[in-house]
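Enquirer: Knowing the structure of chain A, use the given hints to seat chain B on it.
Residue numbers (the UniProt record's numbering), protein chains in the order written: chain A, 1 to 777; chain B, 1 to 777.
By construction, these hints were calculated from the structure, which means they are not laboratory data. Note that beta-carbon positions come from the ideal geometry of N, C-alpha and C, so glycine has one too. Hints are supplied without guarantee of correctness; some may be wrong.
Covered by chain B, according to a simulated footprint, are these stretches of chain A (three or more residues, beta-carbon under 8 Å) [to be verified]:
no., stretch
1, 275-289
2, 448-458
Incomplete in silico selection of chain B near chain A, CB under 10 Å [as the list claims (entries may be wrong)]:
no., residue
3, Asn-164
4, Arg-237
5, Ile-459
6, Arg-709
Protein chains: 2
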Amino acid sequence: VCTSRCQKFLISRVGEDWIFLILLGLVMALVSWVMDYAIAFCQQAQKWMYGGLDSNMLLQYLAWVTYPVVLITFSAGFTQILSPQAVGSGIPEMKTILRGVVLKEYLTFKTFVAKVIGLTCALGSGMPLGKEGPFVHVASLCAALLSKFLAALFGGLYKNELRNTEMLSAACAVGVGCCFAAPIGGVLFSIEVTSTFFAVRNYWRGFFAATFSAFIFRVLAVWNQDEETITALFKTRFRLDFPFDLQELPAFAILGIACGFGGALFVYLNRLIVECMRKQKTINKFLLRKRLVYPAMVTLIISTLTFPPGFGQFMAGQLTQHESLVALLDNRTWCRQGVAEEFDYISHSHAWKHPQVNVFITLILFIVMKFWMSAVATTMPVPCGAFMPVFLIGAAFGRLVGETMAVMFPDGIHADGSVYPIVPGGYAVVGAAALSGAVTHTVSTAVIVFELTGQISHILPVMIAVILANAVAQSLQPSLYDSIIRIKKLPYLPELGMGHHEKYNIRVEDIMVRDVRYITLSSSYREVQEVLMTGQLKTLALVESTDSMILLGSIERSQLQSLLSLQLGPTRRLDHLRRHAQDNGTHTHTLGAHTHLDTMDSPPSPPCTHTHSYTSNSSNTSARHGVRFLVSVAEVIWNPLPQIAEWEEQQLDEPVDFNNCKIDPAPFQLVERTSLHKTHTIFSLLGLDHAYVTSTGRLVGVVSLRELRKAIEGSVTVTGVKVRPPLASFRDSGNTTSVSEVTELHKLWNRHRGLSLPREPTPPDMEDQLDLVFLCE
Amino acid sequence: VCTSRCQKFLISRVGEDWIFLILLGLVMALVSWVMDYAIAFCQQAQKWMYGGLDSNMLLQYLAWVTYPVVLITFSAGFTQILSPQAVGSGIPEMKTILRGVVLKEYLTFKTFVAKVIGLTCALGSGMPLGKEGPFVHVASLCAALLSKFLAALFGGLYKNELRNTEMLSAACAVGVGCCFAAPIGGVLFSIEVTSTFFAVRNYWRGFFAATFSAFIFRVLAVWNQDEETITALFKTRFRLDFPFDLQELPAFAILGIACGFGGALFVYLNRLIVECMRKQKTINKFLLRKRLVYPAMVTLIISTLTFPPGFGQFMAGQLTQHESLVALLDNRTWCRQGVAEEFDYISHSHAWKHPQVNVFITLILFIVMKFWMSAVATTMPVPCGAFMPVFLIGAAFGRLVGETMAVMFPDGIHADGSVYPIVPGGYAVVGAAALSGAVTHTVSTAVIVFELTGQISHILPVMIAVILANAVAQSLQPSLYDSIIRIKKLPYLPELGMGHHEKYNIRVEDIMVRDVRYITLSSSYREVQEVLMTGQLKTLALVESTDSMILLGSIERSQLQSLLSLQLGPTRRLDHLRRHAQDNGTHTHTLGAHTHLDTMDSPPSPPCTHTHSYTSNSSNTSARHGVRFLVSVAEVIWNPLPQIAEWEEQQLDEPVDFNNCKIDPAPFQLVERTSLHKTHTIFSLLGLDHAYVTSTGRLVGVVSLRELRKAIEGSVTVTGVKVRPPLASFRDSGNTTSVSEVTELHKLWNRHRGLSLPREPTPPDMEDQLDLVFLCE
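Here chain A stands alone, though its shape is the one from the complex (with noise of 0.2 Å):
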């Protein structure tokens, strides 16, 4: 009693959000710190393994391969056998669900498992992938199961469709804040990221979650000893008096236009890559049977080369992400006089300072190496994303163009007087926070690596140079998650990038399609089911009459294909053999034969709670029994039970009953001088599948998200997914049609193909319609 009533108490006075949130805060600080600590294990294992053998670089060298070999491996195994959809970073897939599209299988429990394991032996490889696309997918993956474990112990409000998709959004914000510590930029990067159309009031949500899951993720590592005090994750000590000279703003910004080109690259070269191995076809077919071949092929690769006494001891191979973002981020110049005996007492920063190779040539091949493994790494079927990466490939190209000013200006830059010499790691978190931003066409990297370094004062360089990034690589790529999404052909509605004006005079009327699918109040159930087996929309039409044409609402395919299934379904077909027995006196045999099957053909029929009227119609069956007779008798050659198929064609000569049928009254409608821009705008906002064009009311066409799509872009198809809008859940039906009904439809379909000429679905004449009494705008 007490437990229920402080139950009670707590979401009445706390409210259930916030318990909500808390929670998964703390459960997605407790994920976060302990993968963590399991991959700087892992790494560590390797560490040892590769130093314990120093006596036989033969072994040295097996131990260095075969151990990512086999993390990857088993990741990629573990993951396709428990949960494929665990594979990749999982953004791409939360932008589609948080636009309104179900995907199955996304949000299991089943995936957070294959996830959270997955990933955390994929990054415990020492691979060059990251960590922080995932972790919004596993973040989501809490939200949703921690919302179904809410719903079974509390009820109510947890089954609220439109609050799911809320907490989902903050859980997104959630997944990018407890993975870098930093709760502000993992709100923007994940509105930035996931969404076209933000609600404020989500974005609150997601700062308490954030802050809360950041708070205690670094509460974790002051009570596991490993820091003093709360700070950041990768905190800087550039000078705080004079972070930068106005005349290094060039600097800086050429370094943005930079990243913006490597940016885009990167997105290229990672398509080229998936595209290159899709057309192959004798690798593809090879791969598709061979499923672990390539991830083990691919880390094979990559890690023979980062070897540390082969080809890595050029490029830093020993170090872990991790490590060699911290010596990147160094307030020391590396390349200036005299400071070789500096390098002794920094921890990390001897591997970039080889013998007999200048840190240049370090950094360069580091960038160049890093770059295509980072590309081709993300492309293996574990899960994994890119951001961590490329950031780093931004810190080192950002620390090269740093250095690089050093030694041109020793002595900095500055004109009067006092000496402030150039801070190359500034330009390291400069390069990063750009780098990441093109990849990712988004702004708020620059707040990320604020959070993560502890120091702001770098803000206007950062700025700039992310500004800049993503003006260049907007303009010539999609972002990485956009990329993926085509890759994966998700239905997702592209975005109108800036300069797109054209797209203010297209109007609906030139995209629409005029050739609508729509049953009228009086039709037959031969028309719906001719209209069902044509057309692809989810929804059809309902119309007055086909003169009038005015719309009063859609109706779900599965309704309509219930209400067909209810008229030909076999309770009524029992019905009518009875009733037919009863009449001849003959037959009863078969009769019961035929009871046989049907009950143990059929699915059970759906619940059924209204009783049909059939009256209007008795006089006119009685009237055309003797015609159908006739006819009957030629059938009865193919047809077991002529009886049955009059019947049939007599049923589905009368006009649909329409009670119990679930009508959307308020379907979305446009007008045909709607602007594409104000479409577009609408379709995001709303969650849009399609909108009918009506012209006072009277249908004139509909556009579908692949009009628009086209529109925008150009055709790209899309199957396999159930677009579902999010505002739509008012037209849920409770009995949705299975599998099977549709399959029996089918059948009924084809053997009336076979007795009687289909009559073509007469199109209506939309030109006519058009030129209308009114004259609308």
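Expert: Using the frame of chain A, we list chain B on its own:
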């Protein structure tokens, strides 16, 4: 030729958006910098006057008091005369405008001039007023004017209304961004404060423009030799290694909660003052007559209390806001023993150290006095914001808590070895963010403080305090801006806050108005006239017929008024009289007189490019002619032209000719079962004014903003503004009805009331309509 080609090249290559944003950023940075310069000059002038008169205390007092009184009075008077719309913050108005409401005169050049000059004088007076809110308004004004200017120069795109909304929302970001040199915080703050739903593509625009603006703003400072390089406005120098101890977090949390209460109190106090002034009729009347007395009085009181040799010496009265803030964010501890000598070289800290009074007393006095002073000062009818004063009070409160902590733990809390003393300046940062966050109900103040101080090391305490302050303040009071919206009775849809879960259960059918005003396809002009006289909504529903009630579209009132004016207008009237005269061959001189009158009085008739066809009604008209003639005899007494009255009657009985009438064929529709939550979302997303409720195409009700607002928060009446959804620009009517036409209509109506008993507009029995053939969800 070259210029125009150059223009075209620029537009096609760089994009109009970019040029616009760069120009906007540049202009705003210049405005901000010039204004800051002028304000600083004004404040220096006061100090100089005050300093020069140190021989005579009375003269000194007079100078100290007169100067701000003159400035504020001038500001109030100037604004009053030039543009009363420039008074106050501007954020509530921008919120309303971005919601889709047209506020007249809010974005004109006059308002711009009034706002800029008024604000400069108001801030130059040294009163506790802020610049940030008005700056949002100034930036929006700039954007609107720039848009108009560019439209005149280039034409084309600058006229698009949707685009203007996008530009205005970028302008808001620029306003905050260049005011604080805080581009990220500016974007976020403006989003939180002005938007309900935010288009992520605008985010990009805002970032770009705000960064550019902040950059130019700071570059101007460098060029002017104020700064050595680009740094934060209020740069802090807290230690980076150990910014705060984990055990200090409870103190930060308590600070946050206290700020939450303080923020709510501030909003309450501010509203209380306004409401008191309104209710006290004697005061109210007096103030309405002498509008400048109130600001002068308030300024007199406040400046008397801050007079440095008087009470001001106990509350650092001689410091400007800027100086106070610099002192409060100082990284030294004021209360530590033996630090008195340190104070000497810190520029402004000596003001806080009174020889007789403890620094704690000074701080408490400062907080209490500034608190009510700011609440009162922001009610003055001058352009002013409340953000900066609140920020300052928050910083003082934080400093107070920090100093207390420093006294309690003189060697810091840290247990292990090294001594990390407490940094009271960090508390000041946290307090400033928390209090301003509580007053404005935003969390982005956290980002603003990081950008203002140039340090992000206190991110977790700031975030925790801001979130707690928000949680407390949001549960007690609306935000300051929402409070002003209520006081000014602006038409705005309140937010569905966290925890409004019961809103998921209210349906549209519970709140909709069932007695909808509508016209049918076969309505006569008389019916249209009657419908026009009732109801408030801007549009009227057009249904097929009273029986079917099928919604065909909606027509703007103004459209119907033009139709009516056209039907009964002077052109047709004259036409009729001529024909009448030709038929009868009499009344020629009366006709001549009337013609003269008509052409004198009537407004020019709207351009009419079509020809009406009245053939269908001609037989009907002639048939009724006999009956009408008898009636017209009785009218002769008071109507000088009986044939006109008769003719009017005939005209009114004709069915409406909807040719050339602009009909919106797809007004937004809801269904009865749509939840309040969903309705709120759709209204906010699309900026709707009202939506029709239909049931399978049949009109059953209407929901307007008013019903929705009532359902959410109780009744708030709104009058005097024209509500217009931003996505409804395609409903724009070319021929808008002028005021004179409406008056004419009313005259007609009144005359006809005298003639015939007005038919009661028959309300359709909606209860019957609900009982439909279809069973709808």
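Enquirer: Next, verify each hint and record whether it holds.
Expert: Consistency of the hints with the structure:
1. 275-289: Violated, because only 0 residues of the stretch 275-289 of chain A bring their Cβ atoms closer than 8 Å to Cβ atoms of chain B.
2. 448-458: That given contact holds, which follows from 6 residues of the stretch 448-458 of chain A lying within Cβ reach (below 8 Å) of chain B.
3. Asn-164: Violated - the Cβ of Asn-164 of chain B stays beyond 10 Å from chain A, reaching only about 12 Å at its closest.
4. Arg-237: holds (6 Å)
5. Ile-459: Given a least distance of 6 Å, the restraint on Ile-459 of chain B holds.
6. Arg-709: violated (17 Å)
Checked against the numbered hints given earlier, this structure breaks hints 1, 3, 6; the rest are met.
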